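Participant: Residues per chain, in single letters:
Number of protein chains: 4
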Amino acid sequence: MISAGIVGGTGYTGVELLRILALHPEVEVTVVTSRADTDKRVDTIYPNLRGLCDAVFTAPEVDSLAECDVVFFATPNGIAMKMADELLNRGVKIIDLSADFRLQNVSEWEHWYGLIHESPHLIRQAAYGLPEINREAIKKASLIACAGCYPTAVQLGFLPLIEKGLIDLKHLIADVKSGVSGAGRKAALSSLMSETGESFKAYAVAGHRHLPEIKQGLAKVVQRQLENGEAFSTAFGDEAGKPEIGLTFVPHLTPMIRGINATLYSQTDASLADIQSLFEQRYADENFVSVLPQGVAPDTRNVRGSNHCQLSVFKPQGENTLVVLSVIDNLVKGAAGQAVQCLNLMNGFDEDLGLKTIALYP
Amino acid sequence: MISAGIVGGTGYTGVELLRILALHPEVEVTVVTSRADTDKRVDTIYPNLRGLCDAVFTAPEVDSLAECDVVFFATPNGIAMKMADELLNRGVKIIDLSADFRLQNVSEWEHWYGLIHESPHLIRQAAYGLPEINREAIKKASLIACAGCYPTAVQLGFLPLIEKGLIDLKHLIADVKSGVSGAGRKAALSSLMSETGESFKAYAVAGHRHLPEIKQGLAKVVQRQLENGEAFSTAFGDEAGKPEIGLTFVPHLTPMIRGINATLYSQTDASLADIQSLFEQRYADENFVSVLPQGVAPDTRNVRGSNHCQLSVFKPQGENTLVVLSVIDNLVKGAAGQAVQCLNLMNGFDEDLGLKTIALYP
Amino acid sequence: MISAGIVGGTGYTGVELLRILALHPEVEVTVVTSRADTDKRVDTIYPNLRGLCDAVFTAPEVDSLAECDVVFFATPNGIAMKMADELLNRGVKIIDLSADFRLQNVSEWEHWYGLIHESPHLIRQAAYGLPEINREAIKKASLIACAGCYPTAVQLGFLPLIEKGLIDLKHLIADVKSGVSGAGRKAALSSLMSETGESFKAYAVAGHRHLPEIKQGLAKVVQRQLENGEAFSTAFGDEAGKPEIGLTFVPHLTPMIRGINATLYSQTDASLADIQSLFEQRYADENFVSVLPQGVAPDTRNVRGSNHCQLSVFKPQGENTLVVLSVIDNLVKGAAGQAVQCLNLMNGFDEDLGLKTIALYP
Amino acid sequence: MISAGIVGGTGYTGVELLRILALHPEVEVTVVTSRADTDKRVDTIYPNLRGLCDAVFTAPEVDSLAECDVVFFATPNGIAMKMADELLNRGVKIIDLSADFRLQNVSEWEHWYGLIHESPHLIRQAAYGLPEINREAIKKASLIACAGCYPTAVQLGFLPLIEKGLIDLKHLIADVKSGVSGAGRKAALSSLMSETGESFKAYAVAGHRHLPEIKQGLAKVVQRQLENGEAFSTAFGDEAGKPEIGLTFVPHLTPMIRGINATLYSQTDASLADIQSLFEQRYADENFVSVLPQGVAPDTRNVRGSNHCQLSVFKPQGENTLVVLSVIDNLVKGAAGQAVQCLNLMNGFDEDLGLKTIALYP
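Residue numbers (this note's numbering), protein chains in the order written: chain A, 1 to 362; chain B, 1001 to 1362; chain C, 2001 to 2362; chain D, 3001 to 3362.
Please note that a few of the clues may not be correct.
As the list claims (entries may be wrong) - Facing chain A, a subset of chain B residues (Cβ under 8 Å, in silico): (1) Pro-1047; (2) Ser-1290; (3) Gly-1305.
It should be emphasised that the hints constitute simulated quantities derived from the structure, not laboratory data.
Being a predicted model, the structure only gives us computed values, none of them experimental.
We treat Cβ as the ideally placed atom computed from N, Cα and C, and that holds for glycine.
Sequences are here, hints too, so could you generate the full structure?
Facilitator: Written as C-alpha cells, this is what we have:
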C-alpha cells in the first residue's frame, strides 16, 4: 500500500484521480489539497464520492505532502515547478499532470506558457508520461511529466507510422475535437453551457500549447529510430540532421463534456492492409490501446470514463492520403488515468491495476 | 463463481448488465442472447467492451440458458413470462428486469401492458426486486421482479414517510424527470436526438405503466405497517380497510441520456428537522442510499453510472408541503445495478460486490 | 419610427432584444450600452448579428439615453432603479426587464433582492408587463416592470382557473424546469457546460425570488375578480379578506439552453372537458398563447426562439388533481419578446409587430 | 404572389421550408404532401407552426402539384426524378432539395445513390443551386438541383482560392463536422439521442455521397476559369486537360442538432494577408457570406437558424498549409434557405426576401 497526495484536488483531473484512486487496491489517498476549499470535505464538493471518500481538503503544504510516497499535481501550469524540487529531495515521487515538465526546451516552454520556469534543472530528469512510447523510462523515473490530452491522442495515432518511416513528416495534419471538460473547472464565459452547447468551433488555430509537445514527441520517435539504425525511406530532417516535423494542428470544441477525437492526415505509399496490420501488431500487447477492425470508426463514447484509446485507419478513395482516427477520454487516458498508469509502472504494479473500468454506454 | 445468462443483451439494460458483470468477481457471463445479432461478437455492437468481453450473441434457447445458475431478462415486456416457468423448473434462478412479474394483480397488468399474461401462477412467487424495501424476500426468492426505474426513485423517496405514517396518502404528487435512455434502444422517431435534444416535455400525463407499480409498492408498505400494529395518525384506506394511495404521477423527458430526478410532494405536519433525522436513520445502513445534508439538492450526475440513490428533503416557506428529491441512474439503480444487487443477496455475496463503481463527474 | 436604447446590451436578454429589434419595422436601436465592452462593435461580441447591426457599445449615460423614445433595461437587478427617475422626467419611456419594479411591497423586494430600493416612489406607477393579464395598464404606462420568466409561465397556466375560482388557492404547486440561459451570461462555475450538461437538478428549493412575484400576480387576479363581484365558490383569503395564495414553487435546471416547462398542480372539482373549453376561450384572442388539443403535451422546443406560450391541461386518473403544462422560451416570452410586446402596446403598434418569428424546429 | 408546393413536408428540410415560407411575403404554400400523414394538419406534426400555418398534408399527386407555380422536393433521393418531367411539362418550376439532379455524370450518380436514374435527360438542364457560384444560371432555370449541405460549406470555403489558382488542387482536405439533423427525420438507431449525445465520431470515411458533388463543383470552377483564359500558376489537370481535384473528405457527427463546420486544408504560397483580402473582396457583395476579421474563428451557432455562411482563414505557424473555416446551418444555407434563395432569384425577388432571420443566440 502506498500513500498518495493530490495537489489541486478541486479541478476535473483532480476529482478524476480521486475517482480512480478511491478504488485502487494499492493506493491510499492521504492528502488532498485545495486553497479555495481548505477544511471542506471532498464529498461536499464532489457528491459523486459520497460514502467512498472521507478526505478533507487541506492547504497545500510541503511538509504534509512530503509524508506521501507519491504526489500528483493536478494543478494549473506553474505550480508543480515550484514545489517539485523540495519534494523530490525529500524522497517523494512526483507525477505532474500539468505541463511544467513536458517540454525539454526551456525557452520554448516559457514562450508558450508565458511564465519563467523555476526549475529548469528538473526538466531533463522528467520522464515523459506516455507509457506506450516511454514505458521503460517511466518505470525508473521519480518525476513524471504526464502527456497532455491532445498529444496523447495524436501521438498514439501517428506512432506506428513514424516508427516505420511510412509517412511524409513534413505534411502532417491533426484535426482534433475535444469535449469542454478540457477547459477545466474554471469560471469562464467561454465555457458556459449557453456558450458551448449546441455549437461547434475551432479555436487557437494560429497556435496551441500542445503543438510543440506533439512535435517534440514525434521528433523523438524519429530520433530514436535513427539511433537504432532504422533506414527511413527518404532523407528528412533539417540540414543539421535533426528530424523536422511539419504539423498543422487545429483544435476544436465540441458540445459534449468528455472525449477527444483526433482525425490525422498524412501521406503514404503503403497499402491500407499493411497499415492495418502494422497498427494491430504495434499495439497487440498494449492493454489500453485497441485497433478497430478495418472499416469501423470509433465513437468517443467507446472510451468515456475508461483509460482506453481506440484507433482506426482508412485510405479513402485509394489516394495516398491516410486517415487515422484516434479517440480517448481526455480526463482519463488524457490525464488522470494515464497518471495512474504511470504510477503503476513506477511501483511495479500491474499496469492496469485500478484502471479496469469500462466506458459508460450509452 | 456462478454462471449467468442474459436474455436480450442488445438493449441498454443488457449492455449495462454486461458492463457490471464483466468486472464482478463471482459471476461469469456464459450466455448472451439476441435474436437480431446472433453470432456477432458482443464487442462489435458494444465497442466499450472491447478487450473485456469475449462473448458472442446466441439465439435465445431454453437449453443453453438452463445451464446457467441465473438468467437475467433484459428484454421487452412479455418475453420473460414465456420462458420463466421452464427455467425455474430446471432449477435456474431468474432476475427479470422487465415488468412481467411486477404487478400482483393480473388484470391490472394486462390492462396496462396490453398483453395476456402467460404465467400468472408465477406472479405470487416473484419477489419484488427493491432491496431497501424487500431484502429478506429477495434473499430467498428464485424469481425476482426488479423494480422499474421511476418506481425505484419514487418509492425510496416516500418510504420513510409512509413507514412512519407522516404524510397524507391521498394527496401525493410525483413529478419525475428522466433521461432518454429510459426509452430503450429502439429506432423510434420520438427518441431521435433531433427530437429530444435541447427540449423538455411531459409525456404520458394521462397515465403511465409505472403508476400502478408505485401505488402497489406504497400500499404494501402501509399494509405491512398496519400488520405490524403501527398506529397511523389518522384513519385511512377505503371502506374495506385496504390502504388507498392517491398519487398523481407525471413523467417528463429531459435532454440527457442517463438519470432520473423525482420531485415528490406530500402534506405533513412534521418538522423538517425531524424528517431529516428520520431519513438519515432509515437509510443509515443502506449501502446505496444516501441522504444529503440539509439544504443540499442532488444533481442526477452525482449518481451517473453508479448504483446509488441520493435523497434530500425540504419544507419550503414553512408550509405543510414537503418536498423530497430523489435521484438515481435509471440504467443502474433503476435497472441493471439493482438486478446485480438482488443477485448478490440471492447468493449470499456482499450486497455491493461488483457495484462499487463511482459516478462519472463531470 | 421610434428610437430605442438598450442598457446592458451584452447579456442574453440584451442580445435577444437586439435580435428582435434589428428586424422590427418601427424601431431603430440608437444606443446600446455596456460598461465592459464600450467602443466595441456589437457584432464582434455577437457574431450572429454580423451584417444586420452596425451598433457600437457605449458607456451607459443618461444624456445619450435621454434622446431615445424608449429605453430597455436588460441589466442585473439594481440598475434600472438608479436611472429610471431621471429618464422618466426627461420624457423617456422605460421597459425594465430586470426585477426592480416587479414587487409592489418594497420591504419584500428588499428582502428577496438584498438591496435597498432607490426609487420606491416609482413602484406604484410601474405597470406589470404581462400583457395577457395587464394589457390596458401597459398601454397607458411610461414604466413597465416586465414579468419574470418563471412568473410568466406559471401565471399564464393558472390564470383562467383563478379567474373562474375553480381551484383551491391554498394548495398550488409549480414544479418548473428551466434551461441554463436563465442564469444569464455570467462567468459562474455552476453554469459551465461540464457542470450542467447531462445532468438535472432542483435548486433554490427553500425559496426563489420569483415566488413572491408569482404570489403577488395570482393574488391580484383574485382581488380583481372580487372587485368585479365574481362569486368565488368558497370563502377564501385570510381574515382581513385579502386573498392568500399557498404556493410551493420548485425550480429545476435542465440541460438545455432555452426553454421553460412549468408543470402546475392544483385541486379542482371541475371536469377536464370544462377546463379545456375554459382555456380555449380565455386565450382565443391572444396572439401569443395557444392551448393544445386535449391529450397533447407541449415540448419546450415548440416555442424556442418565439414569443409564444403553449398550454395543455390534464386530469390524470380521474382524480381531483389538475395538471397544467405551460411552456415558453425564457429569453423571448420570458424576457425580450415580452418587452417588445409591451413596447408595441405602448406605441399603438400591432401587438405582434416584429414578433412573428417561428420557433426553430428541430 | 406565387403559389408553392412542398413534396415531402414531414422531413426536417420540409418543415424548415414551411418555417421560412410561412413568413415570405411573396409566396403562399398551397400544397404540402406527405404519404404518411395525409389529412393531418401540418401544425399537429409541427407544433412550432401553430397559429401560423393552416395547411393540411395531402397525398403527393401530380395534378394538385401542377397547379403550383413552383414545387419544392424535400424528399428522400429518388422521388423528384420520377415526378419532375411531368411537372416541368406542365409549366411548373422545380426546386429539388434532394440529390437527384446534382451530379452531371449519370453513372456516377447511380453508383453513389444505388438507384437507376429515371430522368437522365433532365440532368443537363438542371442548374446547380449554389447562388454564390451559379447565380446567373439559377435565374434562368426551371429546374434547380440545390447543393448539398456539406458541398455548400466546402465549396464556399475553397471557391476564392480556386478561382485565383492559389492552391494545390491535388491535396485538398475537408474535415467536416455536422449536427445530427443532417441524418434526417428517420427512425434509425444510429440517430437516437442515446447513441449520438455526448459522443463524437467520424463516419463514411471510406466514401460519402457528397464527395463526387464537391469534386464536380470545384472542377467546374477550374474549368470556368480556364475557359475565361485565367492563367493558373502551374499546369494541372489530367492528361486530357480536364481539371482533376484530389480531395479527402471526412465527415463527422457532432452532438448537436444543427450546424456544419468545415475545416479545410490546402497548400499555398500566398500570404495570409493576401488571402484575407481575397476572401473579403470575393464575398463583399454576397448577402449571405461573411468573412470574419483576421484571427476570429466562427462558431456554428453564429448562423443557427439563418441562411448565412461565415468564413475565416488562417495560416498557422507560417507554414504553407492554409486553414479555411466555414460554418453554415445545414438545414438553412445547406438546404431550405438556399432553396428559397434560389426561388427568389428565379422570380426576380430580392435575393434575401424572407431570409432575413437572425441566428438564435444563445
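Participant: State for each hint whether it applies.
Facilitator: Cross-check of the supplied hints:
1. Pro-1047: Holds. Min distance 4 Å.
2. Ser-1290: Holds, because the Cβ-Cβ distance from Ser-1290(B) to chain A comes to roughly 5 Å (cut-off 8 Å).
3. Gly-1305: With Cβ-Cβ at 5 Å, under 8 Å, it holds.
The structure fails none of the hints (numbered hints given earlier).
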